[in-house]
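**Student:** The chain contents come next:
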Amino acid sequence: MLARPIITLTTDYGLKDSFVGLMKGVILGINPDANIIDISHNIGRHNIYEASQVIAMSYKYFPSATIHVSVVDPGVGGARRPILVITENHYFIGPDNGIFTPIFERQSNFFKVLHLNSSHYFLPSEGATFHGRDIFSPIAAWLSRGVDSSKFGEPITDYQTISLPTPLLSDGNTISGEVVSSDNFGNTITNITVDILSKLAPVEPKDKFKIIYKDKAISFLNYYAEAEDNALSATINGFGHLELFVNKKNAFQMFDMNIGDTVTVTYVN
Amino acid sequence: MLARPIITLTTDYGLKDSFVGLMKGVILGINPDANIIDISHNIGRHNIYEASQVIAMSYKYFPSATIHVSVVDPGVGGARRPILVITENHYFIGPDNGIFTPIFERQSNFFKVLHLNSSHYFLPSEGATFHGRDIFSPIAAWLSRGVDSSKFGEPITDYQTISLPTPLLSDGNTISGEVVSSDNFGNTITNITVDILSKLAPVEPKDKFKIIYKDKAISFLNYYAEAEDNALSATINGFGHLELFVNKKNAFQMFDMNIGDTVTVTYVN
Amino acid sequence: MLARPIITLTTDYGLKDSFVGLMKGVILGINPDANIIDISHNIGRHNIYEASQVIAMSYKYFPSATIHVSVVDPGVGGARRPILVITENHYFIGPDNGIFTPIFERQSNFFKVLHLNSSHYFLPSEGATFHGRDIFSPIAAWLSRGVDSSKFGEPITDYQTISLPTPLLSDGNTISGEVVSSDNFGNTITNITVDILSKLAPVEPKDKFKIIYKDKAISFLNYYAEAEDNALSATINGFGHLELFVNKKNAFQMFDMNIGDTVTVTYVN
Numbered sequence: 005m006l007a008r009p010i011i012t013l014t015t016d017y018g019l020k021d022s023f024v025g026l027m028k029g030v031i032l033g034i035n036p037d038a039n040i041i042d043i044s045h046n047i048g049r050h051n052i053y054e055a056s057q058v059i060a061m062s063y064k065y066f067p068s069a070t071i072h073v074s075v076v077d078p079g080v081g082g083a084r085r086p087i088l089v090i091t092e093n094h095y096f097i098g099p100d101n102g103i104f105t106p107i108f109e110r111q112s113n114f115f116k117v118l119h120l121n122s123s124h125y126f127l128p129s130e131g132a133t134f135h136g137r138d139i140f141s142p143i144a145a146w147l148s149r150g151v152d153s154s155k156f157g158e159p160i161t162d163y164q165t166i167s168l169p170t171p172l173l174s175d176g177n178t179i180s181g182e183v184v185s186s187d188n189f190g191n192t193i194t195n196i197t198v199d200i201l202s203k204l205a206p207v208e209p210k211d212k213f214k215i216i217y218k219d220k221a222i223s224f225l226n227y228y229a230e231a232e233d234n235a236l237s238a239t240i241n242g243f244g245h246l247e248l249f250v251n252k253k254n255a256f257q258m259f260d261m262n263i264g265d266t267v268t269v270t271y272v273n
Numbered sequence: 005m006l007a008r009p010i011i012t013l014t015t016d017y018g019l020k021d022s023f024v025g026l027m028k029g030v031i032l033g034i035n036p037d038a039n040i041i042d043i044s045h046n047i048g049r050h051n052i053y054e055a056s057q058v059i060a061m062s063y064k065y066f067p068s069a070t071i072h073v074s075v076v077d078p079g080v081g082g083a084r085r086p087i088l089v090i091t092e093n094h095y096f097i098g099p100d101n102g103i104f105t106p107i108f109e110r111q112s113n114f115f116k117v118l119h120l121n122s123s124h125y126f127l128p129s130e131g132a133t134f135h136g137r138d139i140f141s142p143i144a145a146w147l148s149r150g151v152d153s154s155k156f157g158e159p160i161t162d163y164q165t166i167s168l169p170t171p172l173l174s175d176g177n178t179i180s181g182e183v184v185s186s187d188n189f190g191n192t193i194t195n196i197t198v199d200i201l202s203k204l205a206p207v208e209p210k211d212k213f214k215i216i217y218k219d220k221a222i223s224f225l226n227y228y229a230e231a232e233d234n235a236l237s238a239t240i241n242g243f244g245h246l247e248l249f250v251n252k253k254n255a256f257q258m259f260d261m262n263i264g265d266t267v268t269v270t271y272v273n
Numbered sequence: 005m006l007a008r009p010i011i012t013l014t015t016d017y018g019l020k021d022s023f024v025g026l027m028k029g030v031i032l033g034i035n036p037d038a039n040i041i042d043i044s045h046n047i048g049r050h051n052i053y054e055a056s057q058v059i060a061m062s063y064k065y066f067p068s069a070t071i072h073v074s075v076v077d078p079g080v081g082g083a084r085r086p087i088l089v090i091t092e093n094h095y096f097i098g099p100d101n102g103i104f105t106p107i108f109e110r111q112s113n114f115f116k117v118l119h120l121n122s123s124h125y126f127l128p129s130e131g132a133t134f135h136g137r138d139i140f141s142p143i144a145a146w147l148s149r150g151v152d153s154s155k156f157g158e159p160i161t162d163y164q165t166i167s168l169p170t171p172l173l174s175d176g177n178t179i180s181g182e183v184v185s186s187d188n189f190g191n192t193i194t195n196i197t198v199d200i201l202s203k204l205a206p207v208e209p210k211d212k213f214k215i216i217y218k219d220k221a222i223s224f225l226n227y228y229a230e231a232e233d234n235a236l237s238a239t240i241n242g243f244g245h246l247e248l249f250v251n252k253k254n255a256f257q258m259f260d261m262n263i264g265d266t267v268t269v270t271y272v273n
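Protein chains in written order, with this note's numbering: chain A, 5 to 273; chain B, 5 to 273; chain C, 5 to 273.
Please keep in mind that the hints were generated in silico from the structure rather than gathered at the bench.
There's no promise every hint is true.
Same chains, same names: a pair is fine if it fits in one copy or spans any two.
Listed next, the in silico PhoX-like pairs over lysine-lysine satisfying Cα-Cα at most 25 angstroms (straight line) [unchecked claim]:
# : residue 1 : residue 2
1 : LYS252    : LYS20
2 : LYS64     : LYS212
3 : LYS210    : LYS220
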């Protein structure tokens, strides 16, 4: 453990209510040395898929032993279980609703999952609407203090997963992927990665790849400012994903894009 | 004091301007060990009542000796006094405009109030528009360093309060309360608490309580996912308040609700 | 260096994506003792001028040796250089696109600028879209650990600047300035400062100054609550700037204001 163990928070709680602040209060009441870092509290309400993508792209940029608390939890208070996922280097705490699917599906497949049912570690509470504060925060805080994870619950193997879209390879030279998110700038992220592209061919030179969105060909560039004004273009973003963009403009809005839209890449030898 | 004393911030400053960041800069310049936690900076502009509710529901989730700085301050720079409220376990710093009314009205009635007039603890400043940075932050920081609170000003007893809506009991079996806020999910919080309900009868079984909003009866459930789709329902939320909701939908918008709307609960034996 | 060196962040990344959280993850991976403080992540997208104003008004409220990371970076990945600006008391890290112009133009003119080209301090990354995470954060973190700044790159003198509007003095008694920003409350900030006004005459009594906006005279007051209801008024704000406001209302919207609008102040003896 670090002298100041890191706990990250990813939720759909928003930044108007006191929900996030209270999670921090509860954590610091248990472990005053915790270093609590916000990843996002503006995940779309109840959007488990969106949260799963944010977690998948984020966790690896944090040091070993970081504890990631992720709460998009429409089933709060009902039958869905609270879980702790332990991998080689990271801990993940949240509801068992598929939010951690990308962690389960990583290439490295070492992990274990605990059903958090040792309720004496929970915060006593009257209602059943706020497990972010009452279950996930205290478990994260006790874990960050060094309590052995086996004390929090029982191992399970029937954890829930959600279906994640996977790019398809066809004709040996075409990859068919889809739009999975857009960012603050209206840049549009696809599920086509450098790793997948490199199954077709080395990613340089880029002009060997023909990218199609809504029947139009898109230039494949090295960085944003290379693009022609107002032209939909593509680049490899900082997460190794193919991203569609318009330089200094909102591509997602300008081209009326939607999550799930098809993007294809063909290698032209 | 903790090794890293906690200072919370609740304001209507928003998250675009640098106001909140500057409060933190000033605090850390005085006490580099302060652990500054945001509760909310998106309180409605000038909405003293809303801030008072957020503070009332939040402070108890923080450790003893936490210092809560709360700044919704339309009277900044004028005659209204800056104050420090000291209770058994917490400190509250902000303007004397009623923002701390729920603290004054708690069942436990031990507290004292100081008028902060020792201006040598303030940050010198040219204008009179930003006491969050110039008065409240430095006082919080010096207090967190262990300066005795009596040095900051004089005790007063004529502090300001605002009127808070109180549920009414009638006929010995009906409570008439009102909507006091809505949250990020459009869940609608009332001022009817478990404590008040239990004056009628034990809160279980819930079907002994008939809840009425806009002349319609509402199911009283244990958690969100129990509700029928699109049906306005009620539950006890994590703060012990009766809350109206629609599962995975925005009840406040769907049912055209307003702060101040009446909600009644009748015990049917 | 402080035991917990302060690194501030100012970006146009917004608070929905994980961008800001990842910068913090990278920093803490290099320096677990860093104390990371958000100034704003809601700078207008690609708005270098707005960022420059926020930085100019903010940095001096932080302790000596604070490291300010400022990323509004439409040219990311292209020819624009990453730079480190060193002044007597502060460090500034960001793109060489003029974002630090107000630092270069301060009265105290000691500073040096380094082109950050020691790429072994960078985070290896596949794409070229996220230098906030891959270059600026790691450099800030290594600097906060005490690595000598000379190791990060070469001194340059041909850094970029942007044009900043300057108030004009005419007839020996009139200052013509302009609107430079508006804040969360719709208060409208001008580039006319107390320092500039005091070149005409001492700023008290205020009624010796005639302030004109859109051909109408505006009362010059000491604080917000002094103003008549709905009247456009002026005061000196907490940053020493002349600010136009309507008490408890949004002046910027009510009076259809725009950045760049002219405001004049005449001293009437």
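**Student:** Hints first: check each against the structure and report whether it holds.
**Tutor:** Structure-based check of all given hints:
In this assembly of identical chains, the alpha carbons of LYS252 and LYS20 lie at most 25 angstroms apart only when taken from different copies (18 angstroms versus 29 angstroms within one copy). Taking identical chains as interchangeable, the C-alpha atoms of LYS64 and LYS212 are never at most 25 angstroms apart, the minima being 31 angstroms within one chain and 51 angstroms between chains. For the homomeric pair LYS210 and LYS220, the shortest alpha-carbon distance inside one copy (17 angstroms) is at most 25 angstroms, but the shortest distance between copies (59 angstroms) is not.
Going through the hint list in order, the structure does not satisfy hint 2, though it satisfies all others.
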